[in-house]
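Protein chains in written order, with numbering that gives the first Met the number 0: chain A, 0 to 353; chain B, 0 to 353.
Hints are supplied without guarantee of correctness; some may be wrong.
Which bits of chain A does chain B cover? Going by a derived footprint, with three or more residues having C-beta under 8 angstroms, they are [unchecked claim]:
(1) 117-129
(2) 239-251
(3) 308-316
Now the in silico label distances, taken between C-beta atoms and shown as ranges [said to hold, decoys possible]:
(4) Thr143(B) / Asp225(A): 52 to 60 angstroms
(5) Gly116(A) / Asn61(B): 35 to 43 angstroms
(6) Tyr248(A) / Phe220(B): 28 to 36 angstroms
(7) Arg88(A) / Arg233(B): 31 to 39 angstroms
(8) Asp225(A) / Glu73(B): 44 to 52 angstroms
(9) Gly57(B) / Val84(A): 34 to 42 angstroms
(10) Lys15(A) / Glu8(B): 33 to 41 angstroms
Residues from chain B shown here face chain A by an in silico Cβ test under 8 angstroms; the list is partial [stated by the list, open to error]:
(11) Ile38
(12) Asn40
(13) Gln72
(14) Phe74
(15) Gly76
(16) Arg88
(17) Arg247
(18) Tyr248
(19) Ala250
(20) Glu279
(21) Arg282
(22) Gly309
(23) Lys329
(24) Tyr330
(25) Ile334
It is worth saying that the hints were derived from the structure and are not from the lab. All residues carry an ideal CB built from backbone N, CA and C; glycine is no exception.
2 protein chains.
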Amino acid sequence: MGFEIRRIEIERKTYKLVKTFRISLGAMSESTVIQIRLILNGGTVGLGEASPSFKISGEYLNSVETALRELSQEFIGEDVRNYRVLFDRIDEMFRTFPSAKSALQYAILDALTAEYGLTPFEFFGGAKRKIVSDKTVGIDDVNTMVEDAKNIKGEGFRTIKIKIDSVDFALDVVPKIADATGNIGYIVDANQALKPKEAVEVAEKLHSLGVNVLVLEQPVFKHDYDGLRFVRERSPFPVAADESLYTRYDAFKLARDGCVDVFNIKLMKSGLSDGMAIVEIARSAGITLMIGCMGESSLGITQSIDFAAGLGYFTYLDLDCPFLHAEDSKYRGYIRDGDELTVLDREEREKLKD
Amino acid sequence: MGFEIRRIEIERKTYKLVKTFRISLGAMSESTVIQIRLILNGGTVGLGEASPSFKISGEYLNSVETALRELSQEFIGEDVRNYRVLFDRIDEMFRTFPSAKSALQYAILDALTAEYGLTPFEFFGGAKRKIVSDKTVGIDDVNTMVEDAKNIKGEGFRTIKIKIDSVDFALDVVPKIADATGNIGYIVDANQALKPKEAVEVAEKLHSLGVNVLVLEQPVFKHDYDGLRFVRERSPFPVAADESLYTRYDAFKLARDGCVDVFNIKLMKSGLSDGMAIVEIARSAGITLMIGCMGESSLGITQSIDFAAGLGYFTYLDLDCPFLHAEDSKYRGYIRDGDELTVLDREEREKLKD
Numbered sequence: 000m001g002f003e004i005r006r007i008e009i010e011r012k013t014y015k016l017v018k019t020f021r022i023s024l025g026a027m028s029e030s031t032v033i034q035i036r037l038i039l040n041g042g043t044v045g046l047g048e049a050s051p052s053f054k055i056s057g058e059y060l061n062s063v064e065t066a067l068r069e070l071s072q073e074f075i076g077e078d079v080r081n082y083r084v085l086f087d088r089i090d091e092m093f094r095t096f097p098s099a100k101s102a103l104q105y106a107i108l109d110a111l112t113a114e115y116g117l118t119p120f121e122f123f124g125g126a127k128r129k130i131v132s133d134k135t136v137g138i139d140d141v142n143t144m145v146e147d148a149k150n151i152k153g154e155g156f157r158t159i160k161i162k163i164d165s166v167d168f169a170l171d172v173v174p175k176i177a178d179a180t181g182n183i184g185y186i187v188d189a190n191q192a193l194k195p196k197e198a199v200e201v202a203e204k205l206h207s208l209g210v211n212v213l214v215l216e217q218p219v220f221k222h223d224y225d226g227l228r229f230v231r232e233r234s235p236f237p238v239a240a241d242e243s244l245y246t247r248y249d250a251f252k253l254a255r256d257g258c259v260d261v262f263n264i265k266l267m268k269s270g271l272s273d274g275m276a277i278v279e280i281a282r283s284a285g286i287t288l289m290i291g292c293m294g295e296s297s298l299g300i301t302q303s304i305d306f307a308a309g310l311g312y313f314t315y316l317d318l319d320c321p322f323l324h325a326e327d328s329k330y331r332g333y334i335r336d337g338d339e340l341t342v343l344d345r346e347e348r349e350k351l352k353d
Numbered sequence: 000m001g002f003e004i005r006r007i008e009i010e011r012k013t014y015k016l017v018k019t020f021r022i023s024l025g026a027m028s029e030s031t032v033i034q035i036r037l038i039l040n041g042g043t044v045g046l047g048e049a050s051p052s053f054k055i056s057g058e059y060l061n062s063v064e065t066a067l068r069e070l071s072q073e074f075i076g077e078d079v080r081n082y083r084v085l086f087d088r089i090d091e092m093f094r095t096f097p098s099a100k101s102a103l104q105y106a107i108l109d110a111l112t113a114e115y116g117l118t119p120f121e122f123f124g125g126a127k128r129k130i131v132s133d134k135t136v137g138i139d140d141v142n143t144m145v146e147d148a149k150n151i152k153g154e155g156f157r158t159i160k161i162k163i164d165s166v167d168f169a170l171d172v173v174p175k176i177a178d179a180t181g182n183i184g185y186i187v188d189a190n191q192a193l194k195p196k197e198a199v200e201v202a203e204k205l206h207s208l209g210v211n212v213l214v215l216e217q218p219v220f221k222h223d224y225d226g227l228r229f230v231r232e233r234s235p236f237p238v239a240a241d242e243s244l245y246t247r248y249d250a251f252k253l254a255r256d257g258c259v260d261v262f263n264i265k266l267m268k269s270g271l272s273d274g275m276a277i278v279e280i281a282r283s284a285g286i287t288l289m290i291g292c293m294g295e296s297s298l299g300i301t302q303s304i305d306f307a308a309g310l311g312y313f314t315y316l317d318l319d320c321p322f323l324h325a326e327d328s329k330y331r332g333y334i335r336d337g338d339e340l341t342v343l344d345r346e347e348r349e350k351l352k353d
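In isolation and in its complexed conformation, chain A is listed as follows:
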C-alpha cells in the first residue's frame, strides 16, 4: 500500500473523427486531448483526461497542457486519501481550465480507489451498472442529417440529439428527422444560436407539429440568464443550461432565479468537485439532470460514465463523443452495446492499463 503520488505524466493525444462535426459555434474534424498518468508510491496508476474546447470554453490547448504539466508537479508527494483538500487546491489552481480540473481530480480518485480495489463508479455510489446514452447529429445539409439520424437509430440509439443554428433550419430539419426515425425522442441543441423569442417560436412550432422534443438545450446566449428564464416560462418543452453552467456558483444562480428545467453537467466544464455540487443543487431545487461531453476519448468519457452511473440521478445522458471518433484510447472503464454502456469493475480495467 502506498497512497503518495510519486509521478504524474502528461501526454497529448489526437483522435480523428469519423466525419467533421459541426455545431452553431464551429466545426471539428479531430479532437486533441491531454491524458494524465498518475503513479502512486506502490506503483498503482490513476488515469485522467482533459478535453479542452477553445470554442466552447475558451481553454487554449497548449496552455492547458502547460498548466497541467507544470502545476500538477506540486502534487508530487501528496497523499491521495486527502482527496478533498487536493480537489479544493485543484479548483483554485485550475479555475480557468476546468477540463484540467476534471482530468487531475479523476486521476487522483482513480488511483485512490484502485489502491482500495474499487472503482470511482463504486465510490460515487454504485447506483446503476448500466446506463443509456444518446448520439448526436451535427449540423450538415438536411438530407445528410436525416440519413445520419436513421443510421443512429439503426445502431440502436433511442434518443437522438440534433444540433441546430437558426429558426428556419430547426423547423426544417427536426420534423424531417422525427418523420424518418419514428419520433423517438430528441434533444434539440442550439448552442446559444437563438434569441429568446426565436427559441420560443421554435419550441411552439415543434410542439404544434407533435415532435417529441425531450429538451431544448442552451437556446440563447450563455450570459443571458433572463433570456433562459423567458424561454423556460414559455416553451412547452423543458429548457436546459449548458454553456451557461460551469461552476457551482452558476448553478446556484440559475436555480435561484428559476432559469431552467434541466442542468447539463459536463465534467470538462466543472470537474468532479463542481459537478458534485451542481448535482446536489439540482436535486434540492427540483431540476432535472443531464450529462454531456466535449471531445473525450473512451478514457475521458469513463470519468463521466463513472460519475453518472455511480450517482444514478441523470435523466439524459449524452456521452457519445467517443462514438464520433474514428480512433479510440486503449483504456476504457466501460463496454458499449448499442446505446447501453456497462461499467467495468477494477480487475477488468487494470488489464487495459499498460
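Guided by the hints, dock chain B onto chain A, whose structure is given.
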C-alpha cells in the same frame, strides 16, 4: 470480503447527563439514543446511532425505534457498495425520522469503509485529522451560568455557546460571561425564543457592548424565513439557521432568499445524504458552515466528527453533547484533548467494537 448486509441489530441506550441541560424549548437530564449494529456477510460490523429529539424535531423515541427495528430489515441482503441507492431509499422511508436516516446511513458507510480498511473520515475526504469544538452553557440562573462558562474555559475550550430565551436574559448573562471568560468568542443560541425585532435589539446591544458574538443562532421561529432575513439584514453578527434547516429543500430556499449567513447542519436533522447536499449549497451560495448535535454519545458524535473533519469546510463546530454526559459509549472514532478532537484510524476503532 462480503458486502451484503447479513443482520441489523437495534439497541436502546440511556446516558445520564452531568447536570440538567436547559434550552428555551425545554430541559433534559438524560439522553436516550438508538444504536445500530449492522453486520455484513463476512462479519464486518458498521455502527450508527440515532439521537431523536421530540422537543426539537418532533421525533417520538419509541416510534423511531420501532421504525428502525422493522424497516431496517428491508435492507438485509443489500450490497453496501450500492450505498447511493440505499441512501435514497432511506431518505424516502425515514423522512419523518431524520435521526434514523443518519444512524442507518452511517452504519452502512461504516461497514463499507471498514471492509475496504478505511474510515468514513477518509471516505469524506480526509481533510482535517484534528478539529476543535465549542462547549455549551445551558440556561440556568445567571451566576451558575457564569461559573459554568469559567469551568468550560478552564477545560480548554476557546469558544462557548450560550443558550438564551429572552431579550433581558440575553443582555444580562452574555456580557457577564464575556467579562468572566476574557471575551473569547460566543455563539448565542435563542432556539427560536425571540421575535425578529427582539433579535435585532439583542444583536445591536451586545455589539455596542463589544461582546465577541461569533454567531446569533436561530433567533426566531423556525418557519419564519422572512423573520430570519429581517434579522440577518440588521444584525451586526452573522445569523445562523438551525431548527429552520432540516432538508436540502430547506437549505435551497434559505439560500435562495438570502435568509442567513450560517447553516448549522446536524446529522440528526439531515442524515448524511441531506447533510452533504446542504454543504454543497452553502459553498455555492457563500454561506458559512457550522455543525451541531442533539444528544449523541461518542458513538453517535463520531458520525458528525467524521463528516466535519473529512470534509473540512466547517467554521464552527458544536459537537459537545458527549461532554455533557456523565456516561459514554465504549465505541468512539476519536480522542479528545481539551477542545481538540482527533480522528482515529480504522485499526484503532476496531479495537473498540466488541
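Status of the hints after comparison with the structure:
{"no.": "1", "hint": "117-129", "in the structure": "holds (count 6)"}
{"no.": "2", "hint": "239-251", "in the structure": "holds (count 4)"}
{"no.": "3", "hint": "308-316", "in the structure": "holds (count 3)"}
{"no.": "4", "hint": "Thr143(B) / Asp225(A): 52 to 60 angstroms", "in the structure": "57 angstroms, holds"}
{"no.": "5", "hint": "Gly116(A) / Asn61(B): 35 to 43 angstroms", "in the structure": "42 angstroms, holds"}
{"no.": "6", "hint": "Tyr248(A) / Phe220(B): 28 to 36 angstroms", "in the structure": "31 angstroms, holds"}
{"no.": "7", "hint": "Arg88(A) / Arg233(B): 31 to 39 angstroms", "in the structure": "37 angstroms, holds"}
{"no.": "8", "hint": "Asp225(A) / Glu73(B): 44 to 52 angstroms", "in the structure": "47 angstroms, holds"}
{"no.": "9", "hint": "Gly57(B) / Val84(A): 34 to 42 angstroms", "in the structure": "38 angstroms, holds"}
{"no.": "10", "hint": "Lys15(A) / Glu8(B): 33 to 41 angstroms", "in the structure": "59 angstroms, violated"}
{"no.": "11", "hint": "Ile38", "in the structure": "20 angstroms, violated"}
{"no.": "12", "hint": "Asn40", "in the structure": "17 angstroms, violated"}
{"no.": "13", "hint": "Gln72", "in the structure": "22 angstroms, violated"}
{"no.": "14", "hint": "Phe74", "in the structure": "15 angstroms, violated"}
{"no.": "15", "hint": "Gly76", "in the structure": "15 angstroms, violated"}
{"no.": "16", "hint": "Arg88", "in the structure": "11 angstroms, violated"}
{"no.": "17", "hint": "Arg247", "in the structure": "4 angstroms, holds"}
{"no.": "18", "hint": "Tyr248", "in the structure": "6 angstroms, holds"}
{"no.": "19", "hint": "Ala250", "in the structure": "6 angstroms, holds"}
{"no.": "20", "hint": "Glu279", "in the structure": "4 angstroms, holds"}
{"no.": "21", "hint": "Arg282", "in the structure": "7 angstroms, holds"}
{"no.": "22", "hint": "Gly309", "in the structure": "7 angstroms, holds"}
{"no.": "23", "hint": "Lys329", "in the structure": "27 angstroms, violated"}
{"no.": "24", "hint": "Tyr330", "in the structure": "23 angstroms, violated"}
{"no.": "25", "hint": "Ile334", "in the structure": "20 angstroms, violated"}
Hints 10, 11, 12, 13, 14, 15, 16, 23, 24, 25 from the earlier list are contradicted by this structure; the remaining hints agree with it.
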